[in-house]
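*Asks:* Build the full structure now, drawing on both the sequences and the hints.
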Amino acid sequence: MKKISVIKQLRDYIIYIFILLLIKFIQFWPRRTAIKITQGIGQLSFRLALKSKRRIEQHLTKAFGKEKSSKEIKKLTKEVSMHSFTAAADYVRLPIMTFDEINNIIKVDGIEHLEKAYAKNRGVIMLSAHLGNWELLGVWVAKQGFPSIAVGARIRNLHLEKLVMKFRRQCGLKNIKRGYDTREIIKALKQGQGVGMLIDQSTKVQGEFVNFFGYPAHTATAPYRLAKKYGSPIIPIFIHQHKDYTYHIECLEEIKLHHSGDDHQDIIDTLQDCSTAIEHFVRKYPEQWSWIHRRWKKQ
Numbered sequence: 001m002k003k004i005s006v007i008k009q010l011r012d013y014i015i016y017i018f019i020l021l022l023i024k025f026i027q028f029w030p031r032r033t034a035i036k037i038t039q040g041i042g043q044l045s046f047r048l049a050l051k052s053k054r055r056i057e058q059h060l061t062k063a064f065g066k067e068k069s070s071k072e073i074k075k076l077t078k079e080v081s082m083h084s085f086t087a088a089a090d091y092v093r094l095p096i097m098t099f100d101e102i103n104n105i106i107k108v109d110g111i112e113h114l115e116k117a118y119a120k121n122r123g124v125i126m127l128s129a130h131l132g133n134w135e136l137l138g139v140w141v142a143k144q145g146f147p148s149i150a151v152g153a154r155i156r157n158l159h160l161e162k163l164v165m166k167f168r169r170q171c172g173l174k175n176i177k178r179g180y181d182t183r184e185i186i187k188a189l190k191q192g193q194g195v196g197m198l199i200d201q202s203t204k205v206q207g208e209f210v211n212f213f214g215y216p217a218h219t220a221t222a223p224y225r226l227a228k229k230y231g232s233p234i235i236p237i238f239i240h241q242h243k244d245y246t247y248h249i250e251c252l253e254e255i256k257l258h259h260s261g262d263d264h265q266d267i268i269d270t271l272q273d274c275s276t277a278i279e280h281f282v283r284k285y286p287e288q289w290s291w292i293h294r295r296w297k298k299q
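In this text, residue positions in the sequence shown follow our numbering: the first is 1, and each later residue adds one.
If you're looking for bench data, these hints aren't it; they were derived computationally from the structure. There's no promise every hint is true.
Stated by the list, open to error - Cβ pair distances, simulated, as ranges:
#1 R11 to F64: 18 to 26 Å
#2 K8 to K177: 15 to 23 Å
#3 V164 to R11: 33 to 41 Å
#4 A49 to K228: 35 to 43 Å
#5 F25 to E67: 22 to 30 Å
#6 W29 to G231: 30 to 38 Å
#7 K66 to Q9: 44 to 52 Å
#8 L22 to Q206: 30 to 38 Å
#9 Y245 to Q206: 34 to 42 Å
#10 R283 to S5: 41 to 49 Å
#11 G110 to H264: 41 to 49 Å
#12 K166 to K256: 33 to 41 Å
#13 I186 to G110: 24 to 32 Å
Every residue, glycine too, gets a C-beta built ideally from N, C-alpha and C.
*Replies:* Right, here's the structure in full:
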């Protein structure tokens, strides 16, 4: 394990305290007021975070450069930045939101696909993306009585990581660190639980390249490998936010595994189906996806 310098430890702790105080402040206010507060922070951040803004704009241009004008890309860049802060208001309020309050701001379609998958009692691989308010999606699934865990990336700031883990536990959601607790994932599937997997980012886990917005994107193979070995159905499930700040969750039909006899090609074809499902929703709600991430960084 790498040693963390004293300066970095101090910096991480200061950031943690600042964010913790900000969270407490936002939680003090009613939901609509909290949203206005985070939107105000978002406006300021958009003016100051020039590096992040440039990266978002570059990625949007890569994906939509042939479809949208430069003016449209710039407008979308701001919408992407603002959405992340709008969604943050609900994220930090999740531990204090009641079951009824959560249900009152969410509309759901296709829940029968999720129920059918759980009824097989082989575990469920819930395929999703960093879209809309994915933390709220995970909490909703857990609070609806679907036993589940979420597979997430580690956070470099250990104080913030503990805070996020605490948030999820308070909301009834168990978290598994991506790449570290494979046995826990297998155990959950064998017990008939759901495992939430967001495979729309380029990570260090085992993966293959499939098409995403017309470019090769490194994509985790875990959904295919787990589904094939344990018979767990893959159910795409996404969340997006409406202009009135309510949310819409859509559960889709199971993504079937390809069985051509060529295992490597079956992995590619199945992952492509997963990637296509994700791209469909990102195209519909581009302002709500995490464009700051370098999706095509691996070549």
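*Asks:* Please go over all the hints and tell whether each is borne out by the structure.
*Replies:* Status of the hints after comparison with the structure:
1. Between R11 and F64 the C-beta distance comes to about 36 Å, which lies outside the given range of 18 to 26 Å.
2. Take K8 and K177: their Cβ atoms lie about 20 Å apart, and the range 15 to 23 Å holds.
3. The hint said 33 to 41 Å for the Cβ distance between V164 and R11, and at roughly 18 Å that hint is violated.
4. Between A49 and K228 the C-beta distance comes to about 42 Å, which sits within the given range of 35 to 43 Å.
5. Checking the proposed 22 to 30 Å range against F25 and E67 shows it is violated: the Cβ atoms sit about 40 Å from each other.
6. Evaluation of the 30 to 38 Å hint for W29 and G231 yields a failure: the beta carbon distance comes to about 47 Å.
7. Between K66 and Q9 the beta carbon distance is about 46 Å. The supplied range of 44 to 52 Å therefore holds.
8. Taking 30 to 38 Å as the suggested C-beta distance range, the pair L22 and Q206 conforms, at roughly 37 Å.
9. With their beta carbons about 38 Å apart, Y245 and Q206 fall inside the hinted range of 34 to 42 Å.
10. The hint said 41 to 49 Å for the Cβ distance between R283 and S5, and at roughly 43 Å that hint holds.
11. Remark: the range hint 41 to 49 Å for G110 to H264 is contradicted by a beta-carbon distance near 31 Å.
12. Our hint of 33 to 41 Å for K166 and K256 holds, since their Cβ atoms are close to 38 Å apart.
13. Hint check: I186 to G110, Cβ distance near 27 Å, so the stated range 24 to 32 Å holds.
This entry does not satisfy hints 1, 3, 5, 6, 11, going by the numbered hints stated previously.
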